[in-house]
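Participant: Spelled out, the chains give:
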Amino acid sequence: MLTLECPYCGVMADETELSPGYEAHLKRFGPGASPEEFEAYMFARKNPKGVHFERWRHSYGCGKWFLAARCTATLEVFGTYPAQVSEPPADIIAKIQARRPDWQPDWKATK
Amino acid sequence: MSTRLAKGGRLIDRTAAVEISFNGKRMKGYHGDTLASALLANDQMLVGRSFKYHRPRGIVASGPEEPNALVNLGSGARLEPNQRTTMTEVFDGLEASSQNHWPSLEFDVGVVNNYVSRFLPAGFYYKTFIHPRPFWKHVFEPIIRHSAGLGKAPTTGDADRYEQAYAFCDVLVVGAGVAGLLAARAAAQDGARVILLEQAPQLGGRSPVDETTVEGISVEDWLAKAEADLRAMDNVTIRTRTTGAGVYDHGYVLADERVADHTPGDGRPKHRLWRIRAGKIITATGAIERPLSFAGNDLPGVMLAGAVRDFVVNHAVSPGDRTVVVTNNDSAYQTALALKAAGLEVPVILDARDTADGALPEAARAAGIRVLTGRAIAKVKGGKRVTGVAVCAQAGEGAVLEEVSCDAVAMSGGWSPVVHLWSHCGGKLLWDETISAFVPDPARPPLNHDGSAMVSVVGAAAGLLDLPAILEAVASTGISARVETKGRRKEDVTKTVKTSVEIPPIWVMPQGAPITLRSKMWLDYQNDVKVSDVQLAAREGYQSVEHTKRYTTLGMATDQGKLSNINGLGVLADALGQEIPQVGTTTFRPPYTPVTLGALAGESRGEIFQPLRRTPMHESHEQSGAYFEPVGLWRRPYCFPRAGETHEQAVHREVLNTRSNLGLLDASTLGKIIVKGPDAGKFLDMMYTGVMSTLPVGRCRYGLMCNEQGFLSDDGVVARIDEDTWLCHTTSGGADRIHAWMEDWLQCEWWDWQVYTANVTEQYAQVAVVGPNARKLLQVLGGMDVSKEALPFMQWADGTLGGFPVRAYRISFSGELSYEIAVPASHGAAFWEACMEAGKALGAMPYGTECLHIMRAEKGFIMIGDETDGTVIPQDLGLDWAISKKKADFLGKRGQERSFLASPERWKLVGFETLDGSVIPDGSYIVAEGVNGNGQRNTQGRVTSTYYSPTLKRGIAMGLLHHGPQRMGEVVEFNTVSGGTVKARVRDAVFYDKDGEKQNV
Amino acid sequence: MSDPVSALGGVAFNGFAEVREIGPVGMVALRAKDLKVLDKAIKAAVGTKVPAQRRIEVSGDRACGWMSPDEYLLVMPYAEVPTALAALAKALAGEHHLAVDVSDARAVFRIEGDKAADVLSKLSPTDLDRLAPGELRRSRTAQVPAAFWQQDGGYTLVCFRSVAGYVMGLLSHSATPGSELG
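These protein sequence lines are chains A, B and C, in that order. Residue numbers for the first sequence follow the numbering used here, beginning at 1 and rising by one. Residue numbers for the second sequence follow the numbering used here, beginning at 1 and rising by one. Residue numbers for the third sequence follow the numbering used here, beginning at 1 and rising by one.
Calculated directly from the structure, the hints in this document are not laboratory data. Glycine included, every Cβ here is placed at the ideal spot set by N, Cα and C. Check the hints yourself; a few may be wrong.
Now the stretches of chain A that chain C is said to cover, found in silico as 3 or more residues with beta-carbon under 8 Å [said to hold, decoys possible]:
(1) 58-68
(2) 97-108
The calculated lysine-lysine pairs, modelled on BS3-like cross-linking and capped at a C-alpha distance of 27 Å, are [said to hold, decoys possible]:
(3) A/LYS46 <-> B/LYS998
(4) B/LYS682 <-> C/LYS43
(5) A/LYS49 <-> B/LYS428
(6) B/LYS998 <-> B/LYS776
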């Protein structure tokens, strides 16, 4: 049973205090989007063995959504960060690469 | 015969006798006895029957690994099946009975299986009962179910109470033998917050029995000091009678504390389940002795050598006057010496090894005990108990060299480290050839949240089977207890200490035993798995150990293979011609020992099984005799039956009264979410399919919410409170979900929008005042103008009524003149009473949710969860009027544009009335011509709501029908539960007051 | 108008710790973030400073607790809520915020006695040894959300009103004599 640190409260929260929200950093596609874009947004979910980015809500605590980078195989948590970003922050990327030198982001950084 | 010795017994108090009963027979024991030691003290060698062949079974072990001596403990509301006698502390009045036999323990009809055992080989059930298929369900399974199973399940509620508790520590040490005590002390001295768990009532593990001195002082003195030192430290918590049951992710450990098993009925919780979060876990769980596989090794009187030693030293109980010791290692010689020291006979020690010249064998010889090396047991003689052994050469095929009469056999096949907790969360194992056992591989530990090693292992659990090695490991590495505390991190030093103990791989005795002997060599005592069964599985092609386990049931008994696993693996590896590491081991899964369901349930039982949400008026409804139904976690009155009324009659009365006079509904559960901010209007326009930003202050508007797929998710009336504040009503079950949904979008998608939300559902009690006399009631209460002019339909106003501060909404879910009145919850009960009192002269009656449902169905109003099921879009329900065509975007808009949702071929909402006036069965489908590929009748629609309308005095229904709105007047057929169909005419879904004249007055 | 009644009417249970439902207690949920005038507004409403992350500032029978980066719980006598709301409205006029009376949406309990922590330890996955004085923890008690903090030698616990009966059941079960954690 996981523990994740809520980046808003600083509480090391027990999994039973959290609600899962599945894959992080999805881009919303609304009206005007192509069928392919909409399908990718609604249904195409990553399921990697290894580094993964997830949404979690500190539902029994501050009620805020945050994001977590963790390894789905070993359950190692590389870090948690606030949800108001469109891609993982640099310090999280650095932490992951320190632990998983072979891992590379599968997106193009926007800045 | 087994008996109590005149002297000794370090754990028993001879001044505190207790009386127990076993199968109704009264027996005497002492405080400090286990049930097993007390039974042996009373010469109760036969304690149960095996699972498959119903063979007589005696006590074989002295700890949690015991596979045989399981009993029904207690009676009535305190009956617990499958209790291990070796872990049960006796108390005065203890009642136990043996299991798995009929009609009696001494004479068991099921033993007939024993004589046909060659017809019940491994995989027997799979092979025999697979054909003909239907026979399994109707013939074989009922018979096998009847004869299978161990103890009897209790038939009454548990009289005891249970609880759970959370604990946190830097270092959790499981096991308080010498290694565990040293680990706990080292961690505590480093400043760590330490919890030390011990399954036994006292600390020390095996050391008081197996050792004389530790670090130069007597073992008793050493243990006393170690315990005193730990108890003196504020940062150490010691919990005895507490078994570390399971290790899970991120340092989460479950531990089962047997608080009051030994003091039943004293008011304390029987068990307490600890939910521990540890920074690091150190397992000091010791090792479990293995049996040897020789013919007849399951007879009562054949015991593990360590257990024999425990009973003699701890409880002054001798399993027999003459005990033959059989072994493949030195430790069993301690048993011989202990028996000798207690004045008992050891006619011979049979050592399968060719030589035995260590200190212990020499000591045995010096004590005058006959030691035969290279020898084995060919066969144990006896029926319900041991009468002797036949001796043979280990190297041979079992030719009998001599027979030795005895009444007990003490066996040792070596020791297997208890690696369960290490393995639960992914720790890997190595095969240690020196001791012929799996040991934890320190290079591949289970990992913690930060990627560090979560578990380390000390003592015998790490494969160090002798005290000098354990102490040396402490001295040379500082024990792996030196862990991260207070920011300091000390690396574990790779352990190089080796145990001096050697245990050769002896899996079958004698090594060349023929089938006649191998089919009497038990591996798994409880499940009756023999050497021959595992060999048969190998011959039949089972190569995976996991498959062999399931095929033979080896290790699937309640002891989960604690005794049988390694021996079984050894036999399987031999049969496959492979090495044990190649064969591998089965997966260790929690719990280490069974945890009673009561402890897992904890406090969640009876009144507090789950949270029940109650409105402020709940007590008043109870006093009115309301019949409640669950709505989410709420309990809402379904109806208010009067004396002599059925629920159906009550509901019909409530409908008619509300339509003709006045009904009062507790609507407090309705969700209420405040949405406020400069961007609130824009935000609500995204959340709802309709437009909320244009709603004038003081007005109400009905709205629909969809998920991103476009499916209808919730509905409710939105009120504009002021320029930048809206109040959104949700369904009763939907408030928390919708509030979380709003916050999700605000926090994760539109985080730059200036909007705050607050779920104020419980701040208000809400009463729906419904019916032709609704306005009159409010006027009687008085305080604000509720006239048609001052408060028209779909508007709201603040004011007072009867002295209560209220917000009155002029909305209707029934088609009647209706107000919903919100008051602060702390005045809710008083306001409800005031309405009931003032309504007496106006014919007021409370009504429940079923009346609400019927009235809304009569009006053709949809209900989330009835007309919707997660696959229905608003357009299916004819709610296009509530979907904005102008808005560029709202949640669900893109989803609804998908071709199959935009298709004109979808099933759409219409009303139905049966031709015969009957009520269409709930869940019915509308049948179509022909059958589908599975030979099932085609369908063209289904019912979504169906009721008897007391207003119209006939059955009414709503449902989804292919091309529904274009088929008015057509007659369709609904299937029924009893077969056949019922005919109904398609019609408009509004059955009552189509023009809305009644609500708009 | 009737007198306001708390969810359980002040019921109490005397176990190895004393459990009491108190109230009604005045409470305001304030949502605001990064406002210069927040200090002044909270001072005006309950007389305390703005609490830091996870802290609760207590001043007599008033308090202000940190609930999340943009939410505060203001505690005061029940009758003072309208005054506090008015003070907030005045101080925060023109600023984006939400202040709402939640007094009646909550139930409040006191848990008192030497072993009060044992009662909570059975219900909440919270490290109470490490809960600092003046720290407000939002967590769960068994199956429902709750917030609690140490105050006056015991704990004050806040939960939703509708589950007050459930929480009282939990607290009573946990405080049953003989079940001390030792």
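Participant: If a hint holds in the structure, say so; if it doesn't, say that too.
Facilitator: Hints, one by one, checked against the model:
Taking a C-beta to C-beta cut-off of 8 Å, the segment 58-68 of chain A contributes 6 residues in contact with chain C, enough for the three needed, and the coverage statement holds. Counting residues of the segment 97-108 of chain A whose CB lies closer than 8 Å to any CB of chain C gives 0, which falls below the minimum of 3, so the coverage claim is violated. Between A/LYS46 and B/LYS998 the alpha-carbon distance is near 55 Å, which puts this suggested pair outside the 27 Å criterion. With a C-alpha separation of about 33 Å, the suggested pair B/LYS682 and C/LYS43 falls outside the 27 Å cut-off, and the hint is violated.
For the hint pairing A/LYS49 with B/LYS428, the CA-to-CA distance comes to about 19 Å; that is within 27 Å, so the pair holds. For the hint pairing B/LYS998 with B/LYS776, the CA-to-CA distance comes to about 15 Å; that is within 27 Å, so the pair holds.
When each numbered hint is compared with the structure, violations occur for hints 2, 3 and 4.
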